[in-house]
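Asker: Sequence order for the protein chains is A and E. FYI, the numbering for the first sequence is 22 to 144, going by the working numbering. FYI, the numbering for the second sequence is 22 to 490, going by the working numbering.
It should be emphasised that the hints constitute simulated quantities derived from the structure, not laboratory data. Quantities reported herein were computed from a predicted structural model and do not represent experimental measurements. Just so it is clear, CB atoms sit at the ideal spot from N, CA and C, and this is done for glycine as well. Just to be clear, a hint being listed does not mean it is correct.
Said to hold, decoys possible - Among the chain E residues that face chain A by a calculated CB cut under 10 Å, a handful are:
| hint | residue |
| --- | --- |
| 1 | 73 |
| 2 | 157 |
| 3 | 288 |
| 4 | 461 |
Unchecked claim - Every beta carbon over 10 Å from chain E, so not counted as near; a handful from chain A, in silico:
| hint | residue |
| --- | --- |
| 5 | 48 |
| 6 | 83 |
| 7 | 101 |
| 8 | 102 |
| 9 | 104 |
Stated by the list, open to error - Here are the simulated distance ranges between beta carbons:
| hint | chain 1 | residue 1 | chain 2 | residue 2 | range |
| --- | --- | --- | --- | --- | --- |
| 10 | A | 37 | E | 488 | 39 to 49 Å |
| 11 | A | 57 | E | 123 | 50 to 60 Å |
| 12 | A | 39 | E | 420 | 42 to 52 Å |
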Amino acid sequence: MRRNDKFLILLALLVMFLVYTASVYTRGTELSENNPMLDTAAIQGKVLWQKYNCSSCHQLYGLGGFIGPDLTTTISRKGDAYAKAIILSGTKRMPHYGITEQEADAITKFLSYVDSTAIHYKR
Amino acid sequence: MLIQQPSTISADEVKLPPSKPARTFPPSKAGTLFLTSGIVSLLFGMLFGLLGSVQYLLPDFLAEAIPFFKTRPLHVSLVIAWIFQGAAGSIYCYAPASVKRPLFSEALARVHWILFVVTGLGIVASYAFRHFGGREYLEYPIWFAIPITLSWCLIIVNYFKTIKESLSKYPVYIWMWGTGIIAFLVTYLESYLWLFNSVQSNTVRDITIQWKANGAMVGSWNQMVYGTAFYLMERISGNKDTSRSRLTFFFYFLGLTNLLFNWGHHTYIVPSATWIKNVAYIISMTELLILGNIIWNWRKTLTDAQRHFHVVPYRLLLASDVWIFLNLALSILISIPAVNFYTHGTHITVAHAMGATIGINTLILLASAYFLAITIYQKSVTSKLFNVGYWLTNISLLVFWISLLGAGIVKSLQAKHPFSIDPYEKYLEQSLIWFRAFSYSGFALLIGLSILSVPLLRIFINKIRARSN
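In isolation and in its complexed conformation, chain A is listed as follows (with noise of 0.2 Å):
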C-alpha cells in the first residue's frame, strides 16, 4: 500500500464519519410524537436519576447495570403509583435512599416521558 494511499483511506473515513455523526444528531434523533421534549419536571427528574446513580443497578434501553428489572417501559406495565412507592420505599434489593416525596414524582415524571419513546415494544 502507498504511503498517501493510507491518509486517503484516513481522510475518506474521517469525511464520511463527520457526516455521519452530524446526521446521528440532527436527522436520525428528531423530536417527534414519540419523541416529545423532556419538560423542566422530567428533566429534574433526569438529574436525579443520575444523582442517585440509578443506572448502576436499572437499565433504560439496555443501558446500565443488571441487578435490577429494566425500567423503560415500567411505567406503562406498572403504574406511576407502584415505580413511586417502590422509589419511596426501597425494596429487599433497593436500598432506601430517602428520596422525597417530591423527587419520587419528579423522577417518574422522567420515567414516563421515556416510556413514551418505547414505541417499538407497544406495537
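Starting from the known structure of chain A, fit chain E onto it as the hints suggest.
Answerer: The following block gives chain E in isolation, referenced to the frame of chain A:
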C-alpha cells in the same frame, strides 16, 4: 524454575545507523509508573467486581458499607482505568524505540501520570461519599472530566511530537496507537454532549449519543491495546513484515471503520432512525472477514505457538487470540437484529464485555507488562507460579463467561422482550445457579490474575525505587 528471556530483543538493540553515534531508547519511566498503578487498579477493580457478584447472591452482604450502587462503579471505573493506564504505559514504553526517537517529554508523561492517579483517587473518594455523575460507565461527578481530558491532551502532544515525521512510513501499531489516542478524546468529549439542552431534553438523542460515544470509546482503547499486541508480536517473532503488510493495513482500516460506525448495533431497540441501525448492521457484519482471517490463519497460529510457547508474553497473547475468536463470534451473533432483540439488556452483553476486557485487553496488557519486566528489564519470574496463574485465569474466565451466557439465556427465554421480565426477582432466583458459578469463578479469576500480576508489581516497584535512589 525461573523464566528469563534471551537478551536478543532488549531495548538497547534499537540503534541509529552506524555512521552516527549509537543511541538507545529505553522505556519511559512514566510508562513503568502507568503499568504499576494500572495493575493496582486492576486488582482493586477485580476485588470490587467480586464483592458485587456476591451481592447478587446475598443482597445484604456489606449492604450498609459498600452497597451495589458503589461496588459496581468502583469495579467499572477501576478496570477501565487499568486498561487506559496499561495502554498508555505501553505506548510510553514502546513508542520511542519503535520510531527510533526519544520520548518528546518524559516530564509531560509524568505530569500525565500524576494527573491521572490524583483524579482516580478523587473519583474513588467521590464514590465512597455517594457523589455520582450517574452516567453509564462514567459514573463519577462531571468535574472529574476536566483533568481527565487535560491529561489525555498531554499524551496526544507527547505521542505525536515523538513520532514527528510522516506517519505513513511507520508500521501498523504506530497508526493504531495514534488513532486510538485521538479517538478516545473525541468519544470522551462526545459522551458529555448531554450537558447541552438539545441532547438533555431529547431522550432518544441522549440514549443514542450515549451508546455512540461509549461504543466507539471501547473501540478506541481496543486500537491502543491491539496496537500493543502487534508491537509485541513483532518483537517476539522478529518478523517486521507483518506489521507493514497490505493485509494488516486492510484489517486495521476495517477495525477503524467498525470503531466509527458499528456502535449502532447497541441501539436496535432505541426508536432512532432506521438508517442508523442499517449502517451498524452492515458494518458489524464486516467483522466476519476478521473472523474468517483468524480461522484461515489458525494453522499458522498453531505453528507459531509451538515455536514461541516458552516465551511468557507470547503465551498471554496466544490466550488473548482464543478470546478474540470467542468474543468476535459472540459479537457477530448478537449484532444480528433478530438475535439482538432477545439478547440486548441481558448478561449475554455482559459476557461479551467481560470476555473482551479480561480475555483480550487484560491478557494483552499483561503480556506487555511481562515483556517489559522480562525482556527489557531482564528480570525473572517463577515459571511454576506463572503456569498456575495462567491456567487458573483462563479456565476460571471460561467458566465465568459461560455462566454469564447462561444467565443471559435464562433471561432471553423468559422475556417477551427485554423490558418485560416480570417479576424480576423470579428471574434472579431462576438464574441463581449461573450467578453462583459467576461468583465462584470470579473469585478464582481474582486469584489467577493476582498470581500473574503481583510479581510484576514487585519488579516494577523495585525498578522505580532503584531509579529514584
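Asker: Hint residue 461/E vs chain A: min CB-CB distance below 10 Å?
Answerer: 18 Å, violated
Asker: Any Cβ of chain E at or closer than 10 Å to residue 101/A, or is the non-interface label fine?
Answerer: Fine: 17 Å to the nearest Cβ keeps residue 101/A off the interface.
Asker: Taking C-beta pairs only, is residue 48/A more than 10 Å away from all of chain E?
Answerer: Contrary to the label, residue 48/A does not stay out of reach of chain E, its closest Cβ about 7 Å off (not over 10 Å).
Asker: Does residue 104/A clear chain E by more than 10 Å, comparing its Cβ with all Cβ atoms of that chain?
Answerer: Fine: 13 Å to the nearest Cβ keeps residue 104/A off the interface.
Asker: Is the Cβ of residue 102/A more than 10 Å away from each Cβ in chain E?
Answerer: About 17 Å separates residue 102/A from the closest Cβ of chain E, which puts it past 10 Å; holds.
Asker: Regarding the assertion that residue 83/A does not contact chain E, is the least Cβ-Cβ distance greater than 10 Å?
Answerer: 4 Å, violated
Asker: Are residue 157/E and chain A close enough, Cβ to Cβ, to be under 10 Å, as the hint says?
Answerer: Since chain A brings a Cβ to about 5 Å from residue 157/E, closer than 10 Å, the hint holds.
Asker: Holds or violated: the hint that residue 73/E contacts chain A, with Cβ atoms closer than 10 Å.
Answerer: Holds, because the Cβ-Cβ distance from residue 73/E to chain A comes to roughly 8 Å (cut-off 10 Å).
Asker: Using the C-beta atoms of residue 37/A and residue 488/E, is the stated range 39 to 49 Å upheld?
Answerer: 46 Å, holds
Asker: Mind checking the CB of residue 288/E against every CB in chain A and telling me if the closest is under 10 Å?
Answerer: 8 Å, holds
Asker: Within 42 to 52 Å: is that where the Cβ-Cβ distance between residue 39/A and residue 420/E falls?
Answerer: Check passed, 44 Å falls within 42 to 52 Å.
Asker: With 50 to 60 Å as the target window, see if residue 57/A and residue 123/E comply at their CB atoms.
Answerer: For residue 57/A and residue 123/E the Cβ distance comes to about 57 Å; the hint holds.
Hint compliance for this structure: hints 4, 5, 6 are broken, all remaining hints hold.
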